[in-house]
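Visitor: Next come the chains, spelled out residue by residue.
Protein chains: 2
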Amino acid sequence: MPKRITLKEVAARASVSYQTVSKVISQKVHVSEATEQRIWDAVRELNYTPSYTARSLRSHRSMTIGYSWRPSPPDQTNPILDEFLQSMFRAAENHGYYLLCFPYHDELQKQLAIYRELINTGRVDAFVISTLNYNEPCVSYLVEHKFPFVGFGHLDDPDSFPYIDVDGALGLQMAVEHLLDLGHRRIAALAWPSDSRVGNNRMDGYFLALDKAGIKARPEWVERGEGTFDVGFTSTLKLLAIADGLRPTAIVAMNDLMAFGAMTAIQQSGLRPGKDIGVIGFDDSPTARYMDPPLTSIRQPISTIGKNLMERLIGYLDTGTYPDPRCELVAPELVIRESTIGKKTSQPIHGKEDADRR
Amino acid sequence: MPKRITLKEVAARASVSYQTVSKVISQKVHVSEATEQRIWDAVRELNYTPSYTARSLRSHRSMTIGYSWRPSPPDQTNPILDEFLQSMFRAAENHGYYLLCFPYHDELQKQLAIYRELINTGRVDAFVISTLNYNEPCVSYLVEHKFPFVGFGHLDDPDSFPYIDVDGALGLQMAVEHLLDLGHRRIAALAWPSDSRVGNNRMDGYFLALDKAGIKARPEWVERGEGTFDVGFTSTLKLLAIADGLRPTAIVAMNDLMAFGAMTAIQQSGLRPGKDIGVIGFDDSPTARYMDPPLTSIRQPISTIGKNLMERLIGYLDTGTYPDPRCELVAPELVIRESTIGKKTSQPIHGKEDADRR
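Top to bottom, those sequences are chains G and D.
Using our numbering, the first residue of the first sequence is number 1, and each one after it goes up by one.
Using our numbering, the first residue of the second sequence is number 1, and each one after it goes up by one.
Don't take each hint at face value.
If chains are identical, the list can't say which one is meant, so a pair holds when it fits in one copy or spans any two.
To be verified - Below, in silico cross-link-like pairs of lysine-lysine (DSBU-like), each with a Cα-Cα straight-line distance of 35 Å or less:
| no. | residue 1 | residue 2 |
| --- | --- | --- |
| 1 | K8 | K146 |
| 2 | K307 | K110 |
| 3 | K110 | K23 |
| 4 | K343 | K238 |
| 5 | K343 | K275 |
| 6 | K238 | K216 |
| 7 | K238 | K212 |
| 8 | K146 | K23 |
The hints are simulated quantities; they were obtained by calculation from the structure and are not laboratory data.
Let's have the full structure, built from the sequences with the hints guiding it.
Guide: As structure tokens, then:
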């Protein structure tokens with residue numbers, strides 16, 4: 001092993017004091033850009049051991065948060081991924097942290113092995129977890145080993161770990177109440193399979209809203225399947241085949257992609273979405289507004305969630321106490337467009353809406 | 001500082017040999033899962049200094065690749081982000097590497113400061129760079145400091161750094177030739193502003209294909225603007241207002257979002273995309289197939305690009321020599337749908353296409 005370069009040698013090379021080098025390297029002081037560059041050049045030229053690993057070795061901290069997520073199927077986009085990641089990156093950066101991202105494995109033992117390795121090798125200080133299914137082994141492992149993490153989403157036991165989640169039940173309730181306000185009484189749902197925790201939570205809001213309106217939800221109004229365009233399409237054809245007097249006049253879908261499938265099925269049946277049949281999606285994916293007609297959808301405040309998740313997690317790492325609120329359900333927003341209220345004008349509403357947002 | 005725990009103490013606690021602990025920790029051998037768990041439990045219980053930082057300190061390697069990308073505007077989705085990230089994550093994992101992701105700053109000096117910090121603190125061994133504009137200061141900095149990176153994309157000097165890029169000119173050429181085959185002679189382009197390197201490269205293929213067919217491209221056929229739905233919409237209204245005999249019968253757009261805007265403008269003008277006016281996008285975003293009519297678009301082989309970028313970069317880190325080919329242009333694929341060939345059947349083509357891909 002070559003002789004270890006000292007901080008003094010770096011200081012001599014950069015023509016600054018030992019203290020200045022030390023403070024600049026540990027980021028405790030700001031000097032002129034030229035001086036800083038000269039110091040870092042000296043660090044590199046002398047091959048001085050990077051301060052990060054040395055400091056990390058001393059502090060047992062990696063200043064790194066791990067995150068992995070289930071990838072979208074090839075025919076779908078994850079409409080919130082970019083915004084969620086960027087909001088976490090920015091919040092982490094403000095506190096000197098970075099995100100280490102790693103692949104998601106459907107094989108749960110393999111996924112668990114990565115979590116174990118990242119913990120055991122000290123590569124991360126904490127995790128964000130957004131793939132929260134029943135019996136998630138990674139979550140049990142982290143809880144059992146008392147390793148810090150926050151969930152974007154939550155499991156049944158509300159106190160098991162800190163999380164932020166969107167109130168999906170409230171979202172569906174808002175959607176159904178919007179349709180009730182428009183005069184609909186027969187409202188169908190394109191739901192996820194009954195083993196989906198998130199899906200069941202959203203459906204609670206559907207049943208609650210109908211119940212509050214004194215409407216008995218009929219079993220044939222609820223179609224279940226994976227959240228794909230095709231499921232939305234074929235399920236809607238089934239709904240439209242229900243006999244007159246029971247046939248739904250509006251459809252709420254657990255995601256936008258199923259709603260897109262529903263709108264295509266409605267159109268191919270010679271009906272008009274937003275006039276003959278109301279349609280509401282969930283996610284407010286960027287393309288929702290560009291559909292014909294533009295899709296009413298439920299929007300999640302993703303940037304706020306990503307920022308708050310990261311700040312609370314880092315707050316915990318810094319202080320040992322998780323900041324309040326430990327668990328939070330945030331309200332989504334219903335974005336109303338022509339798929340429920342019909343076309344009001346021949347002008348495209350896109351232009352105006354975009355202008356408003358910039 | 002507390003007394004340093006030794007490997008021997010860990011071995012005693014886990015009831016295995018010193019050699020087994022050492023090999024398991026450095027991942028040079030596989031033992032039974034129970035034994036491995038016992039070793040890691042002992043490491044944790046004794047608070048043994050994680051091997052990763054210790055090893056990293058010795059080797060001057062972080063086994064980490066940095067990546068930052070420009071976020072999508074709020075009204076758009078990055079259709080290739082998830083697939084690109086996941087393909088890089090998987091390839092990196094196969095070689096014991098992880099990706100460290102960090103925020104993108106439009107303020108270039110701030111962005112450059114992050115690259116400098118990540119290099120100077122030894123947090124990353126190399127970068128992937130996909131935001132490659134003229135005069136990109138991060139690229140100049142990395143080239144100047146001989147710090148390893150690969151580009152997804154390239155700049156004008158083809159030899160300046162290793163990259164993989166999609167042959168955008170070939171993509172546009174394929175698109176225009178497809179329209180020529182269908183009998184179109186007046187073909188318009190929805191182009192990016194003329195300072196966009198990627199946009200100019202794609203437009204080269206547009207001009208080449210027209211030229212080869214003996215058609216003189218008319219200036220009024222090329223509309224330029226940011227790649228938004230609104231620009232696609234308003235530019236198409238302008239194109240449709242061109243006098244009979246010169247009015248384009250087909251439109252190629254530099255991305256799907258402009259093509260979506262074009263289709264809406266065509267429909268609102270009482271014309272039918274795919275019958276009266278052919279439309280082609282670029283990206284083959286997942287929603288392209290769900291438009292009405294489904295959009296013909298140019299697909300980039302993203303998974304292959306992400307995998308190859310990462311494997312060549314790690315090959316370079318491992319051997320000091322960048323594997324061949326140092327620079328590569330990969331061909332995109334034209335995915336033909338009803339926005340150019342019209343509706344052939346009353347059955348939804350989505351179902352079949354999806355079934356084929358699974």
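Visitor: It remains to establish, for every hint, whether it holds in the given structure.
Guide: Do the hints match the structure? See the list:
| no. | hint | result |
| --- | --- | --- |
| 1 | K8 to K146 | between (41 Å within a copy, 25 Å between copies) |
| 2 | K307 to K110 | both (29 Å within a copy, 20 Å between copies) |
| 3 | K110 to K23 | between (42 Å within a copy, 20 Å between copies) |
| 4 | K343 to K238 | both (26 Å within a copy, 24 Å between copies) |
| 5 | K343 to K275 | both (8 Å within a copy, 24 Å between copies) |
| 6 | K238 to K216 | within (20 Å within a copy, 52 Å between copies) |
| 7 | K238 to K212 | within (27 Å within a copy, 51 Å between copies) |
| 8 | K146 to K23 | both (34 Å within a copy, 26 Å between copies) |
Hint compliance for this structure: no hint is broken.
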